[in-house]
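So you can see what is in the structure, the chains are spelled out below.
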Amino acid sequence: MIRTLFTSSWIVLLLIAGCSPPLAEFEVQRPARLTVPREVRKVFIREDLIRSSQDQLGLKAQVLQALAQRLNQLGRFEAQVVSTLNEGAFNPEQESVAIIQGEILSSGEVDSGQFTDIATCTRGIAGRVSSIVGAAAAEEVITADQLIGVCRRGSLKGDVVEGALGAALALAGAGGLPPKNQVVRAYEYRNLSLFAQVNLSFTTAGKTRETLAIRADASSYGRQVIDPKTFRHVEETHLIALTLGGLLASMNAPVFPNPAPLAEGSKPRAVFYNQPRLPLPEPGDFPGSQREQLVTELIQQALRSFVRTVSPYKVTVQAEVASGGDSEAANALGQGRALAARNRLNKISANQRAAADWYNLGLAYEASAAVIEDYEDARRFYQEALRRDSGNLLFAQGIGRVERVLDEARRLDQQLSASR
Amino acid sequence: MKHFFFSSMLGLTLALLIGCAPKTSLTVQRPAEIDTSQIRNVAVGSFQVETLRSWVTHEREGRWESQQMALTPAQQATVARAVRAQVINLLTETPYFQVVFTDEFTALESDEALQQLVSAEGYTPQGVDAVLNGRIWLEVQRTDGVDLSKESLDYFLPPRRNGVGGMNLSIEEVIWWPYKAVHGSLALELKLTQLAPTRVVASTLDSRTYAHRIGGSPAGFLEGAAQGLQQFAAMSASPPEPETLGLPDEVLPSFDQVVADLASSIAAQFVKRVAVTRTQVPTRLAAGGDETAKVLMQSEAWNTAIERLQQITASNANLDDLYHLGLCFEAIGDYGIARNFYRDAWRQDQENLMYAQALGRLERLQREFPQLRQQLQSR
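Protein sequences, first through last, are from chains Z and L. To convert, note that position 100 of the first sequence is 996 in the numbering used here; the numbers rise steadily by one, no gaps. To convert, note that position 122 of the second sequence is 130 in the numbering used here; the numbers rise steadily by one, no gaps.
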């Protein structure tokens, strides 16, 4: 009864989660945390002033290139990596430039070891099938005991799936709830980790020198790799009679194949910390080009805060599309065609627009905004939508979002005027 | 079991109800704990490593063995710079201080050398009001050990052919549970020395410890419940990308990561002491009042909410609307006007705890305000 109720609740929750409304996705420009003087356009990333003695993964060149590329992409600065700064690179009497210097630290580890777990093995058709499906849903490793029972460790997700399927199979007549035994398993794992820290400063140089920003930001990646082939049962409990081929099948008392109550096989044989340092991950530790991809992401993340401190940047905003209005416009917004939605909704006369249309019109203006007036129009349309449907949180969220953009607009304008 | 299930459902329902009460969040400025209003330009000196130890330990059959990781002076200097960078990171995030970078102070190797320099007769600092320097004591230990515990293993005895005798049983078994752990502790002394007149304005010694363990014997009841809640949250959240950045719980952080996390935590505490900081405070909305204004406030659309509430309260002053108007002004930092609206609401309903709490919050700000105003005006 309780299990059925629990399972039904999960099905309802999954159905609710599966019915989420479409989202419009668009970019918004945000101001930098600090305002760099507008005359500063050129940025020199000085290779000679960036320490890398503890850059164990050898990321320096990649970090510097990624930084220059990102700053150039955002349009505020003209950034270049230079091995050093020659006297003729700029005239300090006539122009101000920025110099980036600092330090790059990176490291990684391969941490190998052995763990123990206790798995529950199920038998019978219903038990085996539901265990296999539960393990697959929760990505658990399954093993088989001597009686060909299906053994898995157990997790909330796997247990929910197994319970639901087991109950369904039982209802379909595939046997009652199956007998369960527990086994002790030992298995091996390898933990891979990567770490990068970027300490950078941003100094303007011209008639005067001033360090405007310094940041230290780190990013890390870690993954546990467990090879299912390393799992072994070090202790099983089941009736000895079954092991011995029915010789003791007529005994009344339970007899177990555990002469000593010690699961000796779970004792680790190897010592894993016998070197002061753990080895660095090799490229072969990651499948295919995964290492390169991870390192690129690691660098991007470590640089993100520094870039956002000195340069205006873009962020992706996801906003819900309102339903109940013009469906074609709503579909266009969901598909990222904000201008098409804008044109379509503009053709509907003001007194025929539903509240959802006004909101979607605001969203279309916000998503395709090119000038500040677009945001002002968007706010007006959101306000009109809220006037028609006064308790609608979605419409109010649109106003809040646009108010923030308008508040930041002056600062952004000041920061970007240099690059225009 | 049934009782536990219904209690859980009741708890969940109550939690959901409380969680669904409309809320908004206000940004509140907090003054520095230490008066540093005379200081604007701060130079950051060197950070000196007093102790830096890192070692690995393993235990088998009750025998413990350790190996120390020798760190070269260059590696020690890197750690010192990493900690220093984390402190500067947070210091520059507050607009309160202007951090000045000058080689004059970074070149000084110790606190003693700094004190000698600033106390030397005739010394005049150029555009620097104070110097921040630090001393570091750091230890990081990694352990490869084994827990030993007696566990009950469940076993089902099937019924005999005549259908009787089936039962659930359990046997006890001693099991070895290998584990790995990392334990780190960082003590950081930070000293802010004003240059003219020469005096130590703030000196703090804070320590942080970090511990993380993977593997080992199964979790106890409370830990098991916490793990269950985590799994529940993970199931409710959208599935993670197959390869995303971040360190999952089953992977121990590296030495550098431990240093970065500990330093960042201590630096945050120091910055709170010496600089004006801003915090987000979740605030409940009143049950009554204009619903449109409430959804606007939930969405932090303060300007539109103020426009609407001012129109409404001009003709019909509902007390909750007055309270909400106060909240809007508090959110945009206009504490004086906010207080007037809170007071208007409270005068007409002196039993209302929410109005009184809002007034109390602002009175506290006012008490701190001379300090806060002094700290902000000196900038």
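Derived by calculation from the structure, the hints in this document are not laboratory data. Ideal Cβ positions, reconstructed from N, Cα and C, are used throughout, including at glycine. Some clues are possibly wrong.
[What the hints assert, rightly or not] One-sided excerpt, in silico: chain Z residues whose CB lies under 7 Å from chain L:
| id | residue |
| --- | --- |
| 1 | 1043 |
| 2 | 1044 |
| 3 | 1089 |
| 4 | 1193 |
| 5 | 1197 |
[Unchecked claim] Reference listing, derived: stretches of chain Z covered by chain L, where coverage requires no fewer than 3 residues with Cβ under 8 Å from a Cβ of chain L:
| id | segment |
| --- | --- |
| 6 | 1000–1008 |
| 7 | 1106–1117 |
| 8 | 1210–1218 |
| 9 | 1226–1238 |
| 10 | 1263–1272 |
Tested hints:
| no. | hint | in the structure |
| --- | --- | --- |
| 1 | 1043 | violated, 10 Å |
| 2 | 1044 | violated, 15 Å |
| 3 | 1089 | holds, 6 Å |
| 4 | 1193 | holds, 6 Å |
| 5 | 1197 | holds, 6 Å |
| 6 | 1000–1008 | holds (count 5) |
| 7 | 1106–1117 | holds (count 10) |
| 8 | 1210–1218 | violated (count 0) |
| 9 | 1226–1238 | violated (count 0) |
| 10 | 1263–1272 | violated (count 0) |
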